[in-house]
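Chain by chain, the residues:
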Amino acid sequence: MSELLLFKDIDEPRLNTLSVYEARGGYAAARKALAMTPADVLAELESSGLRGRGGAGFQMGKKVSFLPQGSMEKYLVCNADESEPGTFKDRELMQKSPHMLIEGIVIASYAAGATRSFIYIRGEYVHQADILDAALAEAREAGYVGERVLGSEHSLSLVVHRGAGAYICGEETGLLDSLEGKRGNPRLKPPFPANQGLYQGPTLINNVETLSTVPAIITIGGERYAKLGVETSTGTKLVSVSGHVQRPGNYEIELGIPSRELIYDLAGGPLPGHEIKCWFPGGSSAPVLTPDDLDVPYDFDSLAKAGSMLGSGAVIVVDDSTPIVELAMKVAKFYRHESCGKCTPCREGTNWTVKMLERIDSGEATPMDLDIMASVQDHIIGNCLCVLGDAMAMPIGSMIAKFRDEFEEHIEAARARNGAAVAPAADEPLVHGAH
Amino acid sequence: MTFVPRLPDAQRASGWDRPADLEKDPAVVPEPGSVEVPTPLRSEIEEAMARYPDRRSATIPALHAAQDLHGWCSPQAIEQVACVMQVTPAYLDSVATFYDMLEQHPVGRHSVYVCTNISCSLRGADALLATVQQATDGEEEFNVRAFECLGACDIAPMASVDGVYVGPLQLSDVPQLLDDARAGRPVLPEKQLATRPVADPHANSREFPPHAVQEGKP
Amino acid sequence: MPRPEPKTITFTIDGREVQAAENTMLVDAAKHGDVEIPVFCYEPKLGNPVGACRMCLVEIEGIGKLQTGCSTPVKDGMVVHTQSERVQEAQKSVVEFLLINHPLDCPVCDKGGECPLQDISFGWGGGISRFIEPKRHFVKPLELSPKIAIDRERCILCYRCVRFSQEISEDYQLVLLERGAHSFVSTFDGHPYVAPFSGNIIELCPVGALTSRSYRFRARPWDVEDAGTVCTLCPAQCNVKLTVRDERVMRVLAREHAEVDDGWLCDHGRFAYPALAEGVAPASDNGAGPRIAVGMRVREPLLRDGGELRPVSWERALEEASVALKRAGAKTAALAGAGVTNEEGLLLSRLMRDGLDSPHLDSRVAGALPLELLQSLSDPRLQATVSDLEFAHAVLLLDCDPLLDAPILDLRLRKGVRRHGTTLERCSGANLEELRASAKRLAEEAGEELVIVWGERFAAGAEGAARVRVLLDLAAELSLADVDGAGLLEVPATSNGRGLRESGVLPNAAPGLRRADADGHDTQSIAAALAGGELSALYLLQVDPLAEGEPFAAGAERAVWERALERASTIVAHSTLLSEGVHEHATVVFPAESYAEKEGTVTHPDGRIQRVRQAVARAGSTRPGWQVLAELGERVGLDTGVLGELTASQALFDAIPFYDGLTLEEIGGRGVRWQERERV
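Residue numbers (the numbering used here), protein chains in the order written: chain C, 665 to 1099; chain V, 174 to 391; chain Z, 198 to 877.
It is possible that some hints are incorrect.
[Stated by the list, open to error] Under the rule of at most 16 Å between Cα atoms (straight-line distance), these lysine to aspartate or glutamate pairs were calculated in the EDC-like manner:
| id | chain 1 | residue 1 | chain 2 | residue 2 |
| --- | --- | --- | --- | --- |
| 1 | C | 997 | V | 190 |
| 2 | C | 846 | Z | 375 |
| 3 | Z | 344 | V | 198 |
| 4 | Z | 332 | V | 190 |
[To be verified] Which residues of chain V face chain Z? A few of them, derived with a C-beta cut under 10 Å, are:
| id | residue |
| --- | --- |
| 5 | 188 |
| 6 | 193 |
| 7 | 194 |
| 8 | 252 |
Rather than coming from a laboratory, the hints here were simulated on the basis of the structure.
All C-beta atoms, glycine included, are put in the ideal place defined by N, C-alpha and C.
With the sequences and hints as input, model every part of the structure.
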């Protein structure tokens, strides 16, 4: 690999302590940045072309520049609610190199003019949150966080906030509501968080990996960073590979390498004796791709062109031992469980989809139900308050489109298997309860 | 006409059929001091409130703290938090019921969250869950739950035992796992995520002694 | 605080150019072009849109995804499509999604016929359902509170009711529990939703999920008629719409008036009416006719005969009353209370001053204020309005508790604090120094737009006049009269307190707050004079100083009132429900109309003259109050010239200089503030 930025020293013993992190050059980037003007730091971020690593892939520098100028209180929120199925890269970073994240927050908050920052970490990451808390205490002690950071004019408070288990809190506005102490329901946009975010103040929200990359950008310079990767997907990216591969885990790659290289060379390819049936290139929200797509370069635009997305950078490989209906059911049930319930198409659409899949599985469906299911997915996509509904509808829609034959076979087999068994007793009421 | 068989309605949430008890008073913000709150809980909540510009941001930390004390977000726990935070119990209840980790019913003190999301289920999580459930059947001290993706697909199938991630688990690991939990020992030390180096062969600019990495809490 | 100043822009909707105020939400702006965009969750009264139901998706040129019309502010040149295939498909799909779990029990649903879900399904739905899975079934209906039933099967999770509880009444008792498709509306741990404004959620519910327990299954929309009027159960005078079936008021709904009630009602106003109109059912005395008892509705004239009230003919009652009053003459005193219209007030004032030559009448609870103070307080420039409460920099509540005195103001004050950052403080008139300090500090720190809302009790007692002087001085010092949006707002003790004073029910003023020929006893000294034998007759126009909760009871010690009523040789009362004092002491009782039976005008605390309209037939043989007063006048030799409702109102407009030239048409359904009329 050409250059590792995030994983360079990742397994250095006690890298999570300040002394080791500093010994490996840590916080030099923060010193460098604080000696620059915020505008210059922002310019570096913008020239790096760094795109958000959380899922949406929005240019980080541009996002910072959207924050209004002025003396109002501004916030920086680090989205550490990593909960997209298949994604576990932020966990590795926070657990092993928490200071890199804190340093990134210091630099980004300086560029954005934010003085209060929060790390919203999912509640399940107990160990990682403890590590972050300890690292933060050290950083505070050393003057990297607090009043007048390193003697500069920049002051910054940082709080590690633990969630309590809700996928939707990874959605940035759901996260804000949750951080404000409410149910994590996504908000209507506009207003965007850059204008009215946390406590109604201008807010910059970035993913752990995005912020952890910031020190490296300051160290090597935005332009040099931009030379890594490909034109619209610059830099290196952590990819979590899981499922039916021989070496599941996190890999730091330069964006733009062939997906095949990632899945076969790095992650060891499918388990012995099995073939890849389909794969999610960017978490379970991404439409599935097939083995035909393995040569698609792993970067934002190429994957979008192939009809899917890079998302959070989580490749889930599914081999031929798994029925597609079972996979669809897992996906649909997950999103039904995680739908916040605020908007209609997502709340009802995910629920309906699960019920249809259950019917397929129990032999009570016909191929016509596949058309209804596909149309339900179409009705969800683009019509919801946030992207959670789409996150189910896109993969399910892609599965129906790409594996329709298998769905139909499943329907027929299930009907043949269960056909006689499901007729209810004549006296069973169809409607329960009274009005 | 085609006969359409009906499935039983498996999807029910507790509370749907519950009326209000008209004998009760409305649940307004409790008067300060009207609810007895254990001092450590009170101070933990007050400290949490002080960390944020808006005290309500402390809702989740406060509910976590109350759950740690009471074992679940019981009405009593919620009333205590409401009294310290000066919000209505309903506000807290609506938050508590939104999040998976806040328990709505009394549960065992050892939590075993078995991830059953895609990557783990591709590697046998459903059988793992069944095995754990079977092995803990009737044991009240265990709170065994299927959980959505816990963010550790690299050690699939995995579980979070009292917050400690272990995996990849085999069905044969289950008895040891539960014994460790029962005995209050570190659970399956060699399978804890905390001790695992990254998978990327290119990572790390130097060689680090294997398994010497990461000592858990600093 | 700056108030919105709309700028008109032009946009295109479905090919039509339409003008609307800039930044109006598209669903509202579309109405200017006769285009209806369906909504469920959108309700501007509830604050910012939430975009949850997704019913209002429309296509806007230049934006890829469909947008929610409820949250898209209209801009100049915007081109909107609501009828394109894409939009229609999206709308159909949202209806389909909503109906997945909605039971099709419209035939037995209380909302049927007035249900937005029904209407929208019909207007925008696809007409078929592809959902063949079993629907959810729960036990229903369930009690949510003593007043409200909840049917969770029907709920479409539009968030309106919980937003009301959380963001409008701010009681935060009603919430959503659980998540996703499991979400449901509930309270904490089975506690009932009891709060001063809880009934509004019934009206907000766009389906039959929240229903009024008292109205359930009492009528169908096609059985009923709507009748607009004004609730006179408190000084807030909320505009209401009565649902009438077979000459009975079945329920009370809000008739939104941004300058009065903002579209909300308090639970008392919403739920109390039927009981107030019906009264306690009279027990029968072994076939000897209904027994006259406290709490019953008075439906015919009553006369004390042998120590007991007995029904008599109108002729007999009028004759007895007029003879007794004539005999007492100038020794008669009169009080007018809640629910009395301006017209009745004027006639009472005429009857007393011109007919009986007695100046002893009052509508204030305690202590007369010197006339010049009353006049100063009535200065139009000093008068704050209800909407001023919302936009003021600061509001000082002086001896006033909105929840008790005029509940709906509580919501308006909350709105100001919530939306515009109004500073709200309370203070007591007992410490005038503190009052001065608070007011000055607020004007200095929060801003010059200061509104002082004061309760009538601030001016009560021997110190009342001195206190009011301090208040007026303070207003002058802070130039409240000169600052737009600043001023004073008095909340009187009775619902039409302001109107009765203006129509002359005062011991020291003639109608129109003009100097009277003679000054008489005020409430307090009426009690004393009766108890002391100086006065001998008492006219009680919908008031009973001995009744529980009666503001006039505070006018003097109860013992004094008891003695006063005992010693009075004649007591003539107008009563809707028979109250204790009237039952015990009245000589003649005339049945009085409930507000739904009444025709006339009342004056809001901020000077808005509003019409009370008759919605149902008067109970029993009840005659209108004006008619009884005019008739008594005639019998004591006074020609009021009042022959009917119209002449009664005309007499009022003629008698009060600042009502001069008013017509009932001008007042109309929304009322008119006399201070804002061009003639003034």
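These are the hints, each one checked on the structure:
no., hint, result
1, C:997 x V:190, "violated (24 Å)"
2, C:846 x Z:375, "holds (13 Å)"
3, Z:344 x V:198, "holds (14 Å)"
4, Z:332 x V:190, "holds (15 Å)"
5, 188, "holds (6 Å)"
6, 193, "holds (4 Å)"
7, 194, "holds (5 Å)"
8, 252, "holds (9 Å)"
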